[in-house]
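Protein chains in written order, with the numbering used here: chain A, 1 to 295; chain B, 1 to 228; chain C, 1 to 328.
Note that these hints are calculated values from the structure, not bench results. There could be a bad hint or two in this list.
[Claimed, not checked] One side only, chain C facing chain A, incomplete, derived with CB under 8 angstroms: (1) G74; (2) W210; (3) V216.
[As the list claims (entries may be wrong)] Here are the simulated PhoX-like cross-link-like pairs (lysine-lysine), alpha carbons at most 25 angstroms apart as the crow flies: (4) K111/B x K56/B; (5) K325/C x K133/A; (6) K149/A x K176/A; (7) K286/C x K127/A; (8) K325/C x K149/A; (9) K176/A x K127/A; (10) K176/A x K286/C; (11) K325/C x K172/A; (12) K324/C x K172/A; (13) K127/A x K325/C; (14) K176/A x K164/A; (15) K325/C x K176/A.
Bear in mind the structure is a predicted one, so any value in this text is a computation, not a measurement. Just so it is clear, CB atoms sit at the ideal spot from N, CA and C, and this is done for glycine as well.
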Amino acid sequence: MTESAGPPTMTERADTPLPQGLEVARRELAEHDHLPIVFEIGDLSAYYGDFRAVREVTLDVRQHEITALIGPSGCGKTTVLRCLNRMNDLIPGARTEGTLNYHGVPLYGSGIDPVEVRRRIGMVFQKPNPFPKSVYDNVAYGPRLFGIKKRAQLDEVVETSLHKAALWDEVKDRMKDSAMGLSGGQQQRLCIARAIATDPEVVLMDEPCSALDPIATARIEDLMQEIKEEFTIVIVTHNMQQAARVSDATAFFSTEVNPESDRRTGRLVEFDRTETIFSNPSDERTENYITGRFG
Amino acid sequence: MTTEPTPIPLRTAFQAELEQLRLQVELMGVRVDQNLELMREALQSGDEHLMDQAFKSDDEIDAMHVSLLERCYQLLNREAPVASDLRFVVSVVRILSEFERVGDLALRILKLTRQVADLATCGAPWDIALTMVDLAVEQYRTALRAWSAQDLGLASQLADQRPPAEAYHERLLAELRRLRGPDSAAMAMGVYIIGQAADRIADHAAIIGARLRYLITGEPAHLAAEVR
Amino acid sequence: MALTTIGSSSEAAVEASVAAALSGRRADVRGRAFELGLLASLLVCLILLGVLIASVLADGLPVYGDRGWEFLDGGLSRRPDEAGISQGLIGSMWIAVAVVVIAFPMGIGAAVYLEEYAPRNRITAFIELNIRNLAGVPSVVYGLLGLAIFVEAMSGFAGAEGVARRTLLAGGVTLAVLVLPIVIITTAEAIRAVPQSLREGAFGAGATRWEVIRTVVLPYAAPGIFTGALLSIARAVGEAAPLIVVGAITGFSSLGVGLNPGNVLDPSALPERFTAMPAVITAWAKLPNDEFNRINTAGAIIGMLVFVVLINAIAIVLRNHFEKKRTV
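Just chain A, same shape as in the assembly (with noise of 0.2 angstroms):
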C-alpha cells in the first residue's frame, strides 16, 4: 500500500502542540491512514483520441469511504468516473495513459476482462435508467446474468438489494409493474438496487440527485451513508454542499485552455479529506471554486 504524495496534510502543518480536544480530533483524522486501497491513481491521462480530457490525475480511493470528484463543467471528473469500471471503453477511441490500479491490478492491463471489471464496480447514472421491464426484473437483471436461476434465490438478492436501497417498502407490491411507473426518486433508488444487486465492492454514482427534487436528493444522501458500510463510493457531484455533507474525501478538479487548439483539458488541482478541502484548502483554486467567488 503506498502513500499518495499530495498536498500537505494537516498533522504535517501545524507546528505548536494542540490543545487536548484537536489531538482528539487530529486522530480520528488521521485514521483513514489505516482503510485500504482500493483504487490507487497515478499521473492518469485520459484521451479521446488525439485529445486529452483530463491529466495528471493522483488520487486513492479508500474503502468503505466516500470519495467525491468535484470540479466546474468540462474537467474531466466524469470521465475519471468512468475509467474506474472501463466504461469509456464504450466510446470508440478512448484510452488512458497512467497508473490506474485496483487492489494493486492494473484496470487497463491485458487480459482484464471489462465485464468481470463491471460485475465488481457498479455504475449508477445521472437520469435514472431502469429498464422497461418489471421491478422485479430490473433488480434481477444483473443476477440473473451471471447464473442465478433458481427463483428462491433471485428473490432473496432482490429483496435484499431492495431494502439496501430502501425501496422495498414502497414496491413490495408491485414488483410486476413496470419500473417505468416509479416517481424519479424511485427509479434512481432502483438503479441503486440493481447496481448492489451484483454485490460488487464499488459504487460509482455520476450525479446521481442532479435530476431529482431535494427530498429524493436528501433520501439518496442517506442512502449513501448508510451503504457506505458495506460498499465503497466514489461520486461525482455538481453540488458543492453535498459533497461537502455526504464525502470523506474530496477532489477538485478545474479546466485548462490550450491557447493554440481553444480545446479545454481537466486536470486534478487538490485532493485531500473533505473537512480540509472545504474549510482551509491549500490551492487558491479550490478556495475560489467553493467559496463560488470565481468561475
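With chain A's structure known, arrange chains B and C on it following the hints.
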C-alpha cells in the same frame, strides 16, 4: 502550454456584502475608540459632560452591535459561506463582542470621572494607572488598524506579545498597598478599578488580534490560540 | 374618494391596453391558408383512395355474392365463371413465409451487426449507403436476378429442367431478397432509436455486448422492427413484376387447387410451378373478356387486400404487445 481560463468574478453581491460588513465592523471599532478618547480626556479633566456624551454614544454602539449580528445571521442563512468566507463571518461575530466589551470597560472607567480630582492626589499609583490606560488604548488602536488593513503581521504581533500593560499590574498593586491615609481604601479601590479595566482592554485587543489571525490563516493552531 | 377613482380609472386603462395588445388584430392569413392547403391535400388523398376502394368493391363484391366460396376455392381457368384465386392465395402465403423465414433473420441479423458491432468508419458508411440504394432498385431488376440465379439454382436443387425450374421456392427467395434491404434499414433505424442510457445501464450492470442486445436493445426496438416487418411483407406480397419475370403462371393451371388445409399447408408446392395474387390480377386485367378484366379482377383484388390486411393485423397486434411492455 496550457493556461488557466480567465476567472469570471461571481457572487459579486455577496462579496460586496462581506466588504460592507468589514467596513461596518471597523466603524463600530472607531466609535468605541472615540469613547476611549473621551475616557482619556475625562481622566485628565474630570469633566462630567464627557461622561454623558460617552454613555449616549454607547447606546448607539449597542444598537450597531445588534444590527451587525443580525446581518451575520442573515449571511450565514442565505449564502451558506464556506472556507475563508465562513471564517470571516464567524470572526466578525466574535470580534464584535470584543469591541462591545472594550466599550463597556471604557464606560466603567468613565463612571469614576467625578472622583478624578481626588484620585489624582494619590500620586504614584495614579500615574501608573494612567500609563496603563495609555498603553491599553494604544494596543486597542493597533488592533483597529490591524482589522482595517486585515494585516496578518499586526495581528500576530498582538496575539503573541505579552501586553505591556501586564507588566505594570504588579507595580500598581505594590504602590497601592503602600497607600496610607483616611481615604486610602476608597482611593485604592478607584485606582485599582481603572488599572484593572485598562489591563482588560489590552487583553481584549490581543484577543482581537488572535481572532483576526485565525480569520486570515485558517490554521487549527491559530484557532486554538483564539481560545486561551 | 377622489384618489380611489383616479386609481381605478388608470387601472382600467392599463387593463384595456393590455387586452387590446394581447388579442391582436393581425390575423394570421398565411398560416390559415397554409393550414387549408394541407387539409386539401389530405382530402384529395382520401378521396382518391375512397374512389379506388369504392370502385373495386362495386365491381368485386358481386363476385362473392354470386359465387362466394367457390371463387376463393377455385383455380386458374379460361372460363371466367369457373376461375378462382385459391392458387394465388396459397402462392402469396408461401411468399410471405419465405420472407419471414429468409429475409427477417438475415435482415435483422445484418442490421444488428451494422448498428452494434461494426465500427463506424468509411467502409460501413459505404455499405449502409449501398443498402439504401438497393431498397430503391426497381423490383423488375430483382425479378431478373431471381431468374438468373435462383431459377438456375433449382436445376441443381430440385433436379428440374427448363421451365420447370421456375418454382415457388425460387419466387419466394427472389421476393425475400427484394425486401431484405427494407428489413435491414427499418431494423437499423429501430435499433438506433434505442436510448444510449439503456445500453449503458445494461453494460454498467455487467452484461456482455450480446447480452445487452438480447435483453435490452432488441426488446426495446421490437415495435420498430415489427413495423418494418409489416412493410416488407406488404411489399413482397404486392409486387407483380418480379413474379412475372420469374415465371408465375398466369393462364391456366391445375396444380394445387383448393383452399383446404391439406392443400394450403402442403410444402410440396414449393418445388413446383406456381402463381401468386399480383400475377393473377395482372393477367386477368389484361384479358379482353369483360368478365375477367373487370369483375374477376376486382374480386381478386378484394381477396388480396383482405389477405394483406390480415397479415398486417397480426403484425400490429405483435407490435402493440411489445410497445406496451416498453412503457408503463
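> Tell me, which hint numbers fail for this structure?
Replying inline: 1, 2, 7, 10
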